[in-house]
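Peer 1: Whenever a hint applies, use it, and build me the whole structure from the sequences.
Chains as they are written, first to last, in this note's numbering: chain D, 1 to 211; chain L, 1001 to 1266.
Any given hint might turn out to be false.
No farther apart than 20 Å at their CA atoms in a straight line, the calculated lysine to aspartate or glutamate pairs in the EDC-like style are these [claimed, not checked]: (1) L:Lys-1133 - L:Glu-1165; (2) L:Lys-1235 - D:Asp-187; (3) D:Lys-76 - L:Glu-1117; (4) D:Lys-67 - L:Asp-1218; (5) D:Lys-48 - D:Asp-123; (6) D:Lys-76 - L:Asp-1218; (7) D:Lys-191 - L:Glu-1165.
Quick list of simulated restraints, FRET-style, between CB atoms [what the hints assert, rightly or not]: (8) L:Ser-1265 - D:Glu-38: 37 to 47 Å; (9) D:Ala-66 - L:Val-1232: 22 to 32 Å; (10) D:Arg-166 - L:Val-1232: 16 to 26 Å; (11) D:Arg-70 - L:Leu-1188: 39 to 49 Å; (12) L:Gly-1229 - D:Pro-160: 16 to 26 Å; (13) L:Gly-1229 - D:Pro-164: 17 to 27 Å; (14) L:Tyr-1247 - D:Gln-80: 42 to 52 Å; (15) D:Arg-166 - L:Trp-1239: 20 to 30 Å; (16) L:Gly-1229 - D:Gly-52: 23 to 33 Å; (17) L:Leu-1259 - D:Tyr-169: 47 to 57 Å; (18) L:Gly-1229 - D:Val-100: 24 to 34 Å.
Hints are computed from structural coordinates only; laboratory data are not their basis. Positions of the beta carbon are idealized from the N, C-alpha and C atoms, including for glycine.
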Amino acid sequence: MNWDEFVEQLPFYALSFAGLLALVAISWFWARSRFMGELAKYQTEIAKLQLGRNDQLFALEDACKAKNERIRLILKDLKQQLREKNGEMVRARRNELSNVFVLDYCPAMQAYCRLAQEIFELDREKRQQFIENHLNPFLQLAGDLLQVLNQKKLTDIAGPGALPIRYQYMDFDFAFDFLRAQIRFQDFDLKQARKAHLERLGFERAVKIHN
Amino acid sequence: MEPILNLNFMHPQYGTLMNAEVDLSFSAAEMIEQLELSGFLPRGGSYQLAFGEQLLQAEQQLQQLGDLYEGSILRIEQEGPAAKHFIYIQDPLGQTYAPLAFNEEQLPQQALQQLLEQGFLSELSGDLNLYFKGEALFLDQSFGAQGLAAGAYLQLRSVSQASIEEELENLQKRLQELEAQQNQKLDLIIEQLPPPSAIPIDPNYAVRPTADPYQSIDSLLYALRMEEGLSVLEKVRIWSPIPLAIYSILATAVVVGLLFLILSSI
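Peer 2: Dropping the structure here:
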């Protein structure tokens, strides 16, 4: 095959290439919109339901923001006490942070998650947004706090009475359940995020036992 | 439908009033009978209804009295020559009327004395006077000399006390004045109020004063990490290499295929 022949057959090659591209694009769009057709008919119903429940959702969001602010203020004081090397206060703040997070923030987030789960049950995109804007930052903060509170210098200043802090899976199961429900839609991204959060929070992945 | 009016009937002896809703198709005799049945008038007497100067015949209907109005007073008169000439004196509270036989020569002073004897008045205080159409009568001149005729209505009240109508008028005036004052004050207050959007400025205090700069949770955590010289905490991103790998493998396959085609054609 010489150059002239190739030029002669170029339209054929261009057409084949375009066909391949089209195939790739179509498969990509098909994968993306696999659930959209089924979900479209529920969209109006969802919108109707949401109208009445948005207020509840906003109230819970505000509650979560308040908890976040409380944690920020405690963290600020912890930093101050650490600078002043006030061991007792550091220990108190460290325990307070852990307690407030687990006993206060987690239940508020759980209520928020539950309502979101109910409202966005059939709305994949909204669930995705909820995860990106609320759930992921929450789990991120949990992991960050855990790491910071267990830092060596901090525990040293807190004194011998300060035990290493560990979370219980029970307190965070709602968040991972939410993620798992979303992963059913074949979200590779969330699978990775879930794995990362599990590791950061010190939870081992379940060992699968095949009977 | 026959008109119905609220009328007052005056007792011939005691001057008390009976108030009733009356169907104007009643004749005078029927009305008198009703009043007797109700116990307002003693049975067996012969009575006649009178309105102003007019005397109603027994068969005459009430609606034939052209100038009757809501609340007008009809007198009940006992028939007979002596009973026809009365003047009526309203007591100071304005509730009852005392009929007095009219005598042109009688002095108002004597009339008052008579009322006292009848028991209409409990005592005769010095400043009591009789008024006819708002004007005081001279107590030492006879009724006839002052232009009074039978059937006149007189008011009895103390000299210092204004008539009830005047009192009411004064009261109303005062109320109106008060209302005007209140309105003026309200207008003044509304004028001086700041517009609803303005935030009051207090020169002494700021709202939620704070000297601390805001630090986010992230920067606080970062500072705590820096205390020990540790690295920044990683963000967990919602991102996976798997879709990217699939897309890049596809793209590579396309490029390789194209190259292969080009090379094989040369």
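Peer 1: Determine for every hint whether it applies to the structure shown.
Peer 2: Tested hints:
1. With a CA separation close to 12 Å, the supplied pair L:Lys-1133 and L:Glu-1165 stays within the 20 Å bound.
2. As the CA atoms of L:Lys-1235 and D:Asp-187 are separated by approximately 19 Å, the hinted pair is consistent with the 20 Å bound.
3. A hinted pair counts as satisfied when its Cα atoms are at most 20 Å apart, and D:Lys-76 with L:Glu-1117 does not qualify at roughly 100 Å.
4. Restraint check for D:Lys-67 and L:Asp-1218: the C-alpha separation of about 15 Å stays at or below 20 Å, so the hint holds.
5. For the hint pairing D:Lys-48 with D:Asp-123, the CA-to-CA distance comes to about 13 Å; that is within 20 Å, so the pair holds.
6. Between the alpha carbons of D:Lys-76 and L:Asp-1218 the distance comes to roughly 11 Å, so the proposed pair stays at or under 20 Å and holds.
7. At roughly 94 Å between alpha-carbon atoms, D:Lys-191 and L:Glu-1165 are farther apart than 20 Å, so this suggested pair is violated.
8. Look at L:Ser-1265 against D:Glu-38: about 46 Å separates their beta carbons, and that is inside 37 to 47 Å.
9. As the Cβ distance of D:Ala-66 to L:Val-1232 is approximately 27 Å, the hint placing it in 22 to 32 Å holds.
10. Between D:Arg-166 and L:Val-1232, the C-beta spacing of about 23 Å keeps the proposed range 16 to 26 Å intact.
11. Roughly 48 Å separates the CB atoms of D:Arg-70 and L:Leu-1188, a value that falls within the hinted 39 to 49 Å.
12. Between L:Gly-1229 and D:Pro-160 the C-beta distance comes to about 24 Å, which sits within the given range of 16 to 26 Å.
13. Between L:Gly-1229 and D:Pro-164 the CB atoms are about 20 Å apart, so this pair conforms to the stated range of 17 to 27 Å.
14. Between L:Tyr-1247 and D:Gln-80, the C-beta spacing of about 49 Å keeps the proposed range 42 to 52 Å intact.
15. As the Cβ distance of D:Arg-166 to L:Trp-1239 is approximately 28 Å, the hint placing it in 20 to 30 Å holds.
16. Look at L:Gly-1229 against D:Gly-52: about 53 Å separates their beta carbons, and that is not inside 23 to 33 Å.
17. Look at L:Leu-1259 against D:Tyr-169: about 52 Å separates their beta carbons, and that is inside 47 to 57 Å.
18. At about 28 Å, the beta-carbon gap between L:Gly-1229 and D:Val-100 stays in the expected band of 24 to 34 Å.
Consistency note: the structure conflicts with the earlier hints numbered 3, 7, 16.
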